[in-house]
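Protein chains in written order, with numbering that gives the first Met the number 0: chain X, 0 to 184; chain R, 0 to 104.
Hints were generated in silico from the structure; no laboratory data involved.
A portion of the hints provided could be inaccurate.
To be verified - Computed Cβ-Cβ distance ranges for the label pairs, DEER-style:
no., chain 1, residue 1, chain 2, residue 2, range
1, R, I97, X, Q111, 29 to 35 Å
2, R, E7, X, R105, 29 to 35 Å
3, R, G55, X, S143, 28 to 34 Å
4, X, R105, R, G99, 28 to 34 Å
5, X, K131, R, R24, 42 to 48 Å
6, R, N33, X, D145, 20 to 26 Å
7, R, T29, X, E95, 45 to 51 Å
8, X, Q123, R, T96, 29 to 35 Å
9, R, L42, X, Q111, 18 to 24 Å
10, R, G43, X, G62, 26 to 32 Å
11, X, G62, R, T29, 32 to 38 Å
Please read all numbers here as calculations on a predicted model, not as lab measurements.
We put the beta carbon where it would ideally sit given N, CA and C, even for glycine.
Residue-level listing of the chains:
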Amino acid sequence: MQRNYLAIDLRGYPSDLFEAVCEVVPAEDFPLSKRGITGVEVFTSSQLRNVPKGVDLIFARGGTVQRNRKFLDSKRINVLSCPYPFDSVQARCAAENKIALELCFREVMNAQAYLRAKVLASFQKTVNLARKYHAPLVITSGSSSDDEVKSPRQLVAFGKVLGLDYSEAKASIYTIPRRVLEGFE
Amino acid sequence: MIKKTQREKRRYILFELTGEETFKREEIVTAIWNSCLEFLGELGASRTSLWVHEYGNRKGIVSCNTRSVDEIIMCLSLVREIENKSAHIRVNGVSGTIRGLKMVS
Numbered sequence: 000m001q002r003n004y005l006a007i008d009l010r011g012y013p014s015d016l017f018e019a020v021c022e023v024v025p026a027e028d029f030p031l032s033k034r035g036i037t038g039v040e041v042f043t044s045s046q047l048r049n050v051p052k053g054v055d056l057i058f059a060r061g062g063t064v065q066r067n068r069k070f071l072d073s074k075r076i077n078v079l080s081c082p083y084p085f086d087s088v089q090a091r092c093a094a095e096n097k098i099a100l101e102l103c104f105r106e107v108m109n110a111q112a113y114l115r116a117k118v119l120a121s122f123q124k125t126v127n128l129a130r131k132y133h134a135p136l137v138i139t140s141g142s143s144s145d146d147e148v149k150s151p152r153q154l155v156a157f158g159k160v161l162g163l164d165y166s167e168a169k170a171s172i173y174t175i176p177r178r179v180l181e182g183f184e
Numbered sequence: 000m001i002k003k004t005q006r007e008k009r010r011y012i013l014f015e016l017t018g019e020e021t022f023k024r025e026e027i028v029t030a031i032w033n034s035c036l037e038f039l040g041e042l043g044a045s046r047t048s049l050w051v052h053e054y055g056n057r058k059g060i061v062s063c064n065t066r067s068v069d070e071i072i073m074c075l076s077l078v079r080e081i082e083n084k085s086a087h088i089r090v091n092g093v094s095g096t097i098r099g100l101k102m103v104s
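Work out the full structure: start from the sequences and follow the hints.
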């Protein structure tokens with residue numbers, strides 16, 4: 000039995016369960032809360048011009064096709080979160096520019112009933128397209144307190160429920176996040 | 000009586016309740032089943048062979064068949080509140096025997 004997984008959480012709360020955890024904060028809060036690996040989240044492409052120095056990762060929050068395409072073409076971001084509505088053009092662009100697509104567990108946990116079904120369907124579509132075009136996928140917990148921290152096994156189960164293989168799900172919580180932190184060198 | 004070789008293979012999942020609130024075993028069982036029914040539906044839940052074995056000292060063990068381990072872990076992870084109090088469940092290990100799980104804890 001494998002008891003411990005090597006894992007990196009790119010959007011989470013610091014915990015011993017993970018080798019490294021990246022805390023994501025809005026761009027304006029960045030200088031106040033720098034401890035360990037920190038990422039900032041931008042909501043519009045104009046915010047990319049004002050990203051503070053010393054940031055380890057830049058997350059961009061998608062939501063519409065136009066916004067997703069702008070972020071994916073900009074090549075300045077590391078991770079695209081909420082990558083839905085997602086299509087094959089975006090998947091190809093993410094693969095070419097080596098921008099990871101985020102599957103956040105919190106999105107599913109916070110939604111209920113119809114909305115949860117829609118979020119799961121969007122994630123499954125993202126997974127299918129990312130597998131087809133070899134775009135990098137990362138699974139994150141999105142936890143904001145110690146109680147909400149999920150174990151790496153729970154994140155692997157989340158990936159498998161979305162349609163990933165066991166090895167792909169494991170890669171999405173360790174190998175790919177590590178490469179994202181190293182800048183795909 | 001079913002032969003040992005014809006029995007369904009099971010997996011045991013060790014979980015831990017995080018947060019400060021304490022709950023009775025019955026409340027935990029109801030919360031897990033409600034989460035399972037909400038996420039998988041009645042038909043999906045019936046196919047998992049879910050059973051809550053024991054719960055005490057904020058730790059517990061559930062079992063399911065080998066095909067639905069990930070679904071059950073997902074259902075446990077989706078528990079947000081029990082009896083209108085905030086509660087989260089963390090999975091600590093999966094094993095083929097209860098003895099194996101007790102070695103983890």
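Legend entry - Structure versus earlier hints, numbers of those that do not hold, lowest first: Of the numbered hints, all hold.
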